[in-house]
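Visitor: Sequence:
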Amino acid sequence: MSPRRTVAEARQTRAGIIRHGVDVASVEGLDGLTIGRLATDLGMSKSGVLGHFGDKETLQLAVVERAGDEFWRDVWEPVAATPAGLPRLRAVAGSWLRYLTSDRLPGGCFFMAAGPEFDDRPGPVRDAVAGTADRWHRELLHQARLAAVDDPDQVVFELAGVMLALHTTHRLRRDPAAATRAARAVARLLGDS
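Mapping of the sequence shown onto the UniProt record's numbering: residues 1 to 193, in sequence order.
It should be emphasised that the hints constitute simulated quantities derived from the structure, not laboratory data. Predicted model only: the values in this text are computed from it and were never measured. Just so you know, even glycine gets a beta-carbon here, dropped at the ideal spot from N, CA and C. One or more hints might be untrue.
Pair ranges (Cβ atoms, derived) [unchecked claim]:
#, residue 1, residue 2, range
1, Gly123, Arg173, 20 to 26 Å
2, Asp127, Gly51, 24 to 30 Å
3, Lys56, Ala80, 31 to 37 Å
4, Glu77, Asp31, 26 to 32 Å
5, Asp150, Gly43, 53 to 59 Å
6, Ala160, Pro87, 18 to 24 Å
7, Val27, Pro78, 21 to 27 Å
8, Arg11, Asp192, 44 to 50 Å
9, Arg121, Ala80, 31 to 37 Å
10, Leu172, Asp69, 23 to 29 Å
All chains, please: the whole structure from these sequences, using the hints.
Guide: And the structure:
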């Protein structure tokens, strides 16, 4: 076996561990993400998983990064070409709404779970979760300013509140009307398209 193939396989294995880690953490939280759990789930040895990360915190950071990349790809990229201004802000809100109700991750939105888990726990994992949330907030605020809405900060705050309510109502209460209610709230906030 050539060294190049071994490196490629190692990268592929690491990516698979991280991908599965995102799914596990969406349900059980980042603290529920253990080397032993991943090893069992993936049919690997603990040392085989640990060899890719070194410790749990490094694994958690890799999972947060991957979850952020996936969120950006799933929510922002599909609507990035929408004309700037209110049409793009509405498109972003719609894309976010669809993402939250898609059940793409088994535990729902990774960041809506990780935020409360790490909001008051200082350290690199909290900083990574907060950094991703801050990036999203800055993008929403930028879009709200391009849309020339009154009080962009308030609009972004309320939009985030609608999405949090949607996530909770959809995931915890299993309310079949959650998406419809959230869409109506967004339409009231941003005006009908």
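Visitor: The structure should be examined with respect to each hint, and the outcome stated for every one.
Guide: Quick rundown of the hints versus the structure:
1. Gly123 - Arg173: 20 to 26 Å: Since the Cβ atoms of glycine 123 and arginine 173 sit about 32 Å apart, the hinted range of 20 to 26 Å is violated.
2. Asp127 - Gly51: 24 to 30 Å: At 25 Å between Cβs, range holds.
3. Lys56 - Ala80: 31 to 37 Å: Holds, at about 34 Å.
4. Glu77 - Asp31: 26 to 32 Å: With Cβ atoms ~30 Å apart, the hint holds.
5. Asp150 - Gly43: 53 to 59 Å: At 55 Å between Cβs, range holds.
6. Ala160 - Pro87: 18 to 24 Å: 20 Å, holds
7. Val27 - Pro78: 21 to 27 Å: For valine 27 and proline 78 the Cβ distance comes to about 25 Å; the hint holds.
8. Arg11 - Asp192: 44 to 50 Å: 47 Å, holds
9. Arg121 - Ala80: 31 to 37 Å: 33 Å, holds
10. Leu172 - Asp69: 23 to 29 Å: Holds: the Cβ-Cβ distance is about 26 Å, inside 23 to 29 Å.
When held up to the earlier numbered hints, the structure conflicts with hint 1 and nothing else.
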